Each structure stands twice: as structure tokens, then as C-alpha cells.
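All chains should be modelled from the sequences, with the hints used to inform the complete structure.
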Amino acid sequence: MAEPMKIRASMSGDTAEVKCLMNHPMETGLRKDAKTGALVPALHITNVTATVNGKVVLDAQWGGGISKNPYLAFKVKGAKKGDKVVVNWVDNTGDKNTAEAAIG
Amino acid sequence: MNILRRNVLKGAGAASAVSVAMVAGLLKPGTVFAAEWNKAVFESKDLGSVMGSVGGAGAAAGDINVKAPDIAENGAVVPVEITSNIAGTDTIIIIGEKNTQPMLAEFKLSNGAQGYISTRIKMGATSNVRALVKAGGKTYTAAKEVKVTIGGCGG
Chain A
91 MAEPMKIRAS MSGDTAEVKC LMNHPMETGL RKDAKTGALV PALHITNVTA
141 TVNGKVVLDA QWGGGISKNP YLAFKVKGAK KGDKVVVNWV DNTGDKNTAE
191 AAIG
Chain B
67 MNILRRNVLK GAGAASAVSV AMVAGLLKPG TVFAAEWNKA VFESKDLGSV
117 MGSVGGAGAA AGDINVKAPD IAENGAVVPV EITSNIAGTD TIIIIGEKNT
167 QPMLAEFKLS NGAQGYISTR IKMGATSNVR ALVKAGGKTY TAAKEVKVTI
217 GGCGG
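Chains A and B are the protein sequences, given in the same order. Per the working numbering: the first sequence ends with 194, consecutive numbering throughout. Per the working numbering: the second sequence ends with 221, consecutive numbering throughout.
Treat each hint with caution, since some may be false.
[Said to hold, decoys possible] List of simulated lysine-lysine pairs, DSSO-like, C-alpha gap at most 27 angstroms:
#	chain 1	residue 1	chain 2	residue 2
1	A	K167	B	K133
2	A	K109	B	K174
3	B	K174	A	K167
4	A	K158	B	K105
5	B	K174	A	K158
6	B	K133	A	K96
7	B	K174	A	K96
8	B	K174	A	K186
If you're looking for bench data, these hints aren't it; they were derived computationally from the structure. Given the structure is predicted, the values throughout are model-derived calculations rather than measurements.
Below, the structure is given as C-alpha cells:
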């Protein structure tokens, strides 16, 4: 199961910067197991969405080319201190995770 | 036998009420995960077809800053920061030109999200990290070469 992700959001000027760190193996499906030589099946995040106070600010699609335990940062203009940021991801097996934080 | 019976037989052919089904042709798409994962593009191994399908074929050079290390010692983790100074930036796409699967990620930005994405990518070999930025229906591009000493996509 998915481990919790870390999320932090802070204001600088009129723009909020949201940083998150997800826990995910991000297998591309192309890598071979070193011992058996068999392909390791793909297991990676496919969709990431983020909302600020319920409004979608980011809608992303990822392939297996994002590094293991992905890091993502983005900036949202017009957000205010105390606004609620929610980040969701879903992987190719349907596993999902969500995290939220208040902009500080 | 004066019994008269009147049987009014209604024809079976009387118009049966055909209820006009209101076939609503508009199915409301899901709102949160708006886009279905684009498997064809993400699993494509051909840079040309990826560029074509994401609209990057005729992209003009734009004011986009792709920040990445000159040399990545470990191709499995290459920090990349993309800043678009183009007004109205609504999509940022990251492509690793020599990766087995070049399409890395697509970010759609809305409701005040700035043209800025920072993340970490895998790179199989020394190549350009290419950013495609869509703004106002046009596509712009910029790239930065990253030398990779140990590939991150092998096994």
C-alpha cells in the first residue's frame, strides 16, 4: 500500500509554492530484474492532480520516466495563507493516495 | 336470444404510446481526473511520433528556462526545473529525447498555477531534456543538454 506523502505549501509574495514528495517505486516496466532477467512489471503514477480550495490548479499525467519517490513542486498565484491544498495521485494499478496541507 | 352484446374490440393496432426517450448524448466527463492516461504517447518509443502527437513538431523557440544539471552522475534522478515566462502558459510537457520512452510528463495548469514545474526525472543517456509549453493555442519549446554518466533506465 501507498505510504503517506509529504506536502508543504508556503507563500512568497502573492504566489504559493507547493512542494510534495511521494512514495512510489515508479517502475517503468522496461527494467529487468538483475537476478532473474525477467522484466519488472510497470508500476508508476499515471495521474496527479492538485487543488487549492477545491479548484483544480494542476492536472498532470506521468510516465515511468519520473524518478522513484517523485518530487514535485509548482506555484499558484492568487492563493492565500490558510488556503487548503490537496494533492492526489493514482498509479497504473489503481492504487491512490492523497495529502493535504494549509498554505503557511 | 335477444341478448345483444356489443363487443367493441379495439384494434390491436392502436397506436401504442411510444415514449420518446430522451437520449441525452452528453455524458458528463469526470471532473477531477479529467484526462484519461495517454497510454499510446507515454509508451511510445519513437521521439518523432511523441513530438507529433503532443503538438511539438512545429514548436517555436520560446522564453522558457529549463534548469537541469550539466552533468548528471546518476541518470535515475535528474532534477529538472522548468519556468515558462510566456503569458498564458497552460501546459508544460517534459521530454527526454533519448529515453526509451521519451514522453515523461505532462502538466496542465489552471486557476492561477504559474508556468513553473520542478521535478526529478530518469534519463537513459546523455541527451536533451526538452520542454514544450502551450500557451494560447501555440506551442513553444526549449531544451537543455544533460550529460549522463550512469543511465537510469537500464537493468
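Each hint tested on the structure:
1. Distance hint between K167 of chain A and K133 of chain B is fulfilled; the C-alpha atoms sit about 21 angstroms from each other, no more than 27 angstroms.
2. Straight-line distance between C-alpha atoms of K109 of chain A and K174 of chain B comes to about 17 angstroms, which keeps the hinted pair within the 27 angstroms bound.
3. Distance restraint check for K174 of chain B and K167 of chain A: the Cα-Cα separation of roughly 15 angstroms lies within the 27 angstroms cut-off, and the hinted pair is therefore satisfied.
4. Restraint check: the Cα-Cα separation between K158 of chain A and K105 of chain B comes to about 19 angstroms, which is no more than 27 angstroms; the hinted pair holds.
5. A distance of roughly 22 angstroms separates the Cα atoms of K174 of chain B and K158 of chain A; the hinted pair therefore holds under the 27 angstroms criterion.
6. Taking the CA atoms of K133 of chain B and K96 of chain A, the gap is near 24 angstroms; set against the 27 angstroms cutoff, the hint holds.
7. For the hint pairing K174 of chain B with K96 of chain A, the CA-to-CA distance comes to about 22 angstroms; that is within 27 angstroms, so the pair holds.
8. This hinted pair checks out: K174 of chain B and K186 of chain A have alpha carbons roughly 20 angstroms apart, not beyond 27 angstroms.
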